[in-house]
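So the protein sequences, as listed, match chains A and B.
Just so you know, we're using the working numbering here: the first sequence kicks off at 2 and counts up by one.
Just so you know, we're using the working numbering here: the second sequence kicks off at 183 and counts up by one.
Keep in mind the hints are simulated off the structure, nothing from the lab.
Ideal Cβ positions, reconstructed from N, Cα and C, are used throughout, including at glycine.
All the given hints hold, so there is nothing to weed out.
Result set (BS3-like, lysine-lysine): computed pairs, CA atoms no more than 30 Å apart in a straight line:
| # | chain 1 | residue 1 | chain 2 | residue 2 |
| --- | --- | --- | --- | --- |
| 1 | B | Lys322 | A | Lys85 |
| 2 | B | Lys249 | A | Lys241 |
| 3 | B | Lys210 | A | Lys241 |
| 4 | A | Lys384 | B | Lys271 |
| 5 | A | Lys241 | B | Lys322 |
| 6 | A | Lys85 | B | Lys210 |
| 7 | A | Lys381 | B | Lys473 |
| 8 | B | Lys271 | A | Lys353 |
| 9 | A | Lys241 | B | Lys473 |
| 10 | B | Lys271 | A | Lys381 |
| 11 | A | Lys353 | B | Lys322 |
| 12 | A | Lys100 | B | Lys322 |
| 13 | A | Lys384 | B | Lys473 |
Here are some chain B residues the structure puts well away from chain A; computed CB gaps all over 12 Å:
| # | residue |
| --- | --- |
| 14 | Tyr221 |
| 15 | Tyr265 |
| 16 | Asp475 |
| 17 | Lys580 |
The primary structure of each chain is shown beneath.
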Amino acid sequence: MSALTALTLTSARAALDKREFSARELTDAHIEAAEAARPLNALVAETFDLARERADAADKRLTAGEGGLLEGMPLAIKDLYCTKGVHSAACSHILDGFKPTYESTVTANLWREGAVMMGKANMDEFAMGSANVTSYYGNVINPWQRQGDNKPLVPGGSSGGSAAAVAARIALAATGTDTGGSIRQPAAFCGLVGLKPTYGRCSRWGIIAFASSLDQAGPLTRSVEDAALMLQVMAGHDAKDSTSVNTPVPDYRAELNGDVQGLRVGVPAEYRLDDMPEEIEALWRRGIDWYKDAGAEIIDISLPHTKYSLPTYYIVAPAECSSNLARYDGVRYGLREADDDLTHMYERSRAKGFGPEVQRRIMIGTYVLSAGYYDAYYLKAQKLRTLIARDFSQAFEKVDVVLTPTAPSAAFAIGEKMDDPIAMYLNDVFTVPASMAGLPGISVPAGLSSEGLPLGLQLLGQPFDEARLLNAARFMEIAAEFTATPSGLGGGTS
Amino acid sequence: MSNYRIEGRSGDWEVVIGLEIHAQVSSKAKLFSSAPTEYGAEANTQVSLVDAAMPGMLPVVNQECVKQAVRTGLALGAQINLYSVFDRKNYFYPDLPPGYQISQFSQPIVGEGKIEITPENGETCEIGITRLHLEMDAGKSIHDMRPDATFVDLNRSGVALMEIVSEPDIRSPEEAGAYIRKIRSIVRYIGSCDGNMEEGSLRCDVNVSVRKPGDPLGTRCEIKNVNSVRFVMKALEYEAERQVEILEDGGEVALETRLFDANQGVTRTMRSKEEAHDYRYFPDPDLLPLKLDAAWVEELRVELPELPDAKKQRFMTDFGLSADDAGVLTSEREIAEYFEQVAEGRDGKLVANWVTGELFGAMNTAGLEISASPVSAGQLGGLVDRVADKTLSRRIAKEVFEIMFESGQDAGAIIEERGLKQVSDSGAIDAVVDQVIADNPDKVAEYKGGKEQLIGWFVGQVMKASQGKANPQMANEALKKKLDN
Numbered sequence: 002m003s004a005l006t007a008l009t010l011t012s013a014r015a016a017l018d019k020r021e022f023s024a025r026e027l028t029d030a031h032i033e034a035a036e037a038a039r040p041l042n043a044l045v046a047e048t049f050d051l052a053r054e055r056a057d058a059a060d061k062r063l064t065a066g067e068g069g070l071l072e073g074m075p076l077a078i079k080d081l082y083c084t085k086g087v088h089s090a091a092c093s094h095i096l097d098g099f100k101p102t103y104e105s106t107v108t109a110n111l112w113r114e115g116a117v118m119m120g121k122a123n124m125d126e127f128a129m130g131s132a133n134v135t136s137y138y139g140n141v142i143n144p145w146q147r148q149g150d151n152k153p154l155v156p157g158g159s160s161g162g163s164a165a166a167v168a169a170r171i172a173l174a175a176t177g178t179d180t181g182g183s184i185r186q187p188a189a190f191c192g193l194v195g196l197k198p199t200y201g202r203c204s205r206w207g208i209i210a211f212a213s214s215l216d217q218a219g220p221l222t223r224s225v226e227d228a229a230l231m232l233q234v235m236a237g238h239d240a241k242d243s244t245s246v247n248t249p250v251p252d253y254r255a256e257l258n259g260d261v262q263g264l265r266v267g268v269p270a271e272y273r274l275d276d277m278p279e280e281i282e283a284l285w286r287r288g289i290d291w292y293k294d295a296g297a298e299i300i301d302i303s304l305p306h307t308k309y310s311l312p313t314y315y316i317v318a319p320a321e322c323s324s325n326l327a328r329y330d331g332v333r334y335g336l337r338e339a340d341d342d343l344t345h346m347y348e349r350s351r352a353k354g355f356g357p358e359v360q361r362r363i364m365i366g367t368y369v370l371s372a373g374y375y376d377a378y379y380l381k382a383q384k385l386r387t388l389i390a391r392d393f394s395q396a397f398e399k400v401d402v403v404l405t406p407t408a409p410s411a412a413f414a415i416g417e418k419m420d421d422p423i424a425m426y427l428n429d430v431f432t433v434p435a436s437m438a439g440l441p442g443i444s445v446p447a448g449l450s451s452e453g454l455p456l457g458l459q460l461l462g463q464p465f466d467e468a469r470l471l472n473a474a475r476f477m478e479i480a481a482e483f484t485a486t487p488s489g490l491g492g493g494t495s
Numbered sequence: 183m184s185n186y187r188i189e190g191r192s193g194d195w196e197v198v199i200g201l202e203i204h205a206q207v208s209s210k211a212k213l214f215s216s217a218p219t220e221y222g223a224e225a226n227t228q229v230s231l232v233d234a235a236m237p238g239m240l241p242v243v244n245q246e247c248v249k250q251a252v253r254t255g256l257a258l259g260a261q262i263n264l265y266s267v268f269d270r271k272n273y274f275y276p277d278l279p280p281g282y283q284i285s286q287f288s289q290p291i292v293g294e295g296k297i298e299i300t301p302e303n304g305e306t307c308e309i310g311i312t313r314l315h316l317e318m319d320a321g322k323s324i325h326d327m328r329p330d331a332t333f334v335d336l337n338r339s340g341v342a343l344m345e346i347v348s349e350p351d352i353r354s355p356e357e358a359g360a361y362i363r364k365i366r367s368i369v370r371y372i373g374s375c376d377g378n379m380e381e382g383s384l385r386c387d388v389n390v391s392v393r394k395p396g397d398p399l400g401t402r403c404e405i406k407n408v409n410s411v412r413f414v415m416k417a418l419e420y421e422a423e424r425q426v427e428i429l430e431d432g433g434e435v436a437l438e439t440r441l442f443d444a445n446q447g448v449t450r451t452m453r454s455k456e457e458a459h460d461y462r463y464f465p466d467p468d469l470l471p472l473k474l475d476a477a478w479v480e481e482l483r484v485e486l487p488e489l490p491d492a493k494k495q496r497f498m499t500d501f502g503l504s505a506d507d508a509g510v511l512t513s514e515r516e517i518a519e520y521f522e523q524v525a526e527g528r529d530g531k532l533v534a535n536w537v538t539g540e541l542f543g544a545m546n547t548a549g550l551e552i553s554a555s556p557v558s559a560g561q562l563g564g565l566v567d568r569v570a571d572k573t574l575s576r577r578i579a580k581e582v583f584e585i586m587f588e589s590g591q592d593a594g595a596i597i598e599e600r601g602l603k604q605v606s607d608s609g610a611i612d613a614v615v616d617q618v619i620a621d622n623p624d625k626v627a628e629y630k631g632g633k634e635q636l637i638g639w640f641v642g643q644v645m646k647a648s649q650g651k652a653n654p655q656m657a658n659e660a661l662k663k664k665l666d667n
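Pulled out of the complex, with its shape left as it was, chain A reads as follows:
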């Protein structure tokens, strides 16, 4: 691992200002790392030529003193983001060959500040999955390995390629999207900081939709400060997204001092699962103690509708996806399996174009919206969603942030939990409730499992209170002193 790829986003950006190295050198180092890490399958499209071009342009702007907030920073972009003229397929066969003529609002924001695209990151097909095993382009391998065991592990999902890319030093940071935990869970599995902002904070325009009322863009980074910097650039109101909220973007790095004196930290009783591994439980206790010792106030809270979150999520998200994915019909773009009549063309194109997990969710979604079932499933789920959100708003009358584990386990091996979709869905048990409530959440690497794998703790905040959430996360980062690096870096060691 080169010194240049070991930097954080923030320190690399500062070094460019001091001309310690050029943007081109920084990008070249990451291209080299990416080439070495190809066995991880983190990128489904490499855009190295474009990266070099942008790095050269960044050097010119830096010389002219016009460097943006992310000038020259090599990033990996989840394949769910539409990037002009570049592979944007949501890692689905059905979007074969699709290259948009437009740029998503969030990536346009990143390029405006000078960021450099390394390539499109692998992901679960249409962001449906928690292990990055449903991608049409094959699974992603987590750069982390269990001690004394080289069995390949999953990076989490759906932003698995993004997480693996940042953990493997292919990029300084990456964009992800989080619908039910798709940023936070892979961040935890790969020893990264993963931030899901408040629903409406980042524009969804140009991001391929999975579940519109839940999808939210966010960063995966190697530090909390990096997450703050990324969010600073990604966030903002967008008139092209009706659900984007028009509220000012504060300076997220201004008060990132890690001071949690007097912070009220809520600990929800309902997140204590019966069959949760002891080391997750212990990590959570340790986290609580860190805050307590630093002068924060620990408050036991109750979020009584937590148990309904997962079942409710698996009604709402499939319902929306069944409708959002109707546009992939073989008529205008992507895969078409020609046939004699329209119905057969639809059936064959969609049967071939969508993988089994996507098909499963489309069918669940179609079912729950059907006449006669709508009230029992979709309508009831919406009511429960309101109650889940109310649990949080009541809790936030007493606390500033909520502290929970991010996932019920560390990264698991490829092949594990694959037979039973429900077991896979349980990965998101701690991340889904905040998604249902539209709240911001962040996962911070907080320790290692007995097998030497990273574990994350999650902080949840009030709507648009990312600044306070980030500061609480910054504290945890300092307290956890998490310095481990993955052992399975392609071509490198740690």
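Mind docking chain B on chain A? Use the hints.
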């Protein structure tokens, strides 16, 4: 209420009709995108990324369309819902790129209202409006360009429609026609829709059932997408007869969707109840509920122009017009404005006769709309003035009008050029009168023998001899004076 009945072997049947009118909002941009809506553009040249449902594209509601829907609701005397929701109606079809139509299902922007209609030769009655909601149009599938392929034109995809749903209050084809014409008149008055049925700006789905008067509602059929008033009336006549025949034969009407074949004048099954789609309606998560400001709605209400019914009343009061004339003259905003311009400071009834008589006749023959009239309101006013001041006889005035309509000249210029001025010089008239009397001694004898109605014939002769220019009133007087002596 109409006494329209269909005679059956077992007695009379009553027809129950409800209409769904799809009125295209006259907005420059589409309901959820900024693509233009102009009619007749080359295929697929007015399509945004949103209209083509490209991945990651999102709808943003066009406030102008919301405004026009609210104005229409207000003009229909309907309740405006300050909170409404856009839903997705899911079905697959190549001319529906997203695989769903964004519409309003359970919470429309406009609720109940009612309008008054006056069918031809019928009595004025009230028809309830159930609701009005906003929705996007689909594109167009073209099946007849090649035998082995269907082509899709997405220019219409995403265009804003107002679906106006009536209560099943309509009882005859004539009432249905009057209802559509009234809706068309209202939307054209306020400018929310151009009402052009040929271009598809106004289309109609017709729900019809039959029953014995006083019985509960029968099973209905829906006839989709009928695009003229005449076709709606024809479709209704056919469909009602068809249903009566089935029932009289002891059969049952099937709940189904039908199409009207204008060439054959018949309706045909399009899809049965079993084939009906399950549209899986649910609120569109890409759009927030539509919330309106009560004060803004009030502003729109105040700013509405005078509507047809109010204008009709005013024309009757201010100009002394009959209900029929006032109805005709207010049926279209442009006609009403034209009439008012001419009638200003003139005899309203006289003007009404000219507008509904000469002008409408000429326009009909020429196939023109009032907006394209070659005779301006000012010109027609000038002509009416020449009749009022007796410069022109009514007969000559009609000739002048015809020349005006052809040439676009003012009345004055035509009169001058062609020497059409009415002769009101008593000396000149007397000379013609003397000549006519001298030429027709037998008729003079008859007249003097008591056949006084011959005076009309004499006036006619004088007019003929003067090539229509003699003032008929003066000719009449001069004749009487000479013959009665």
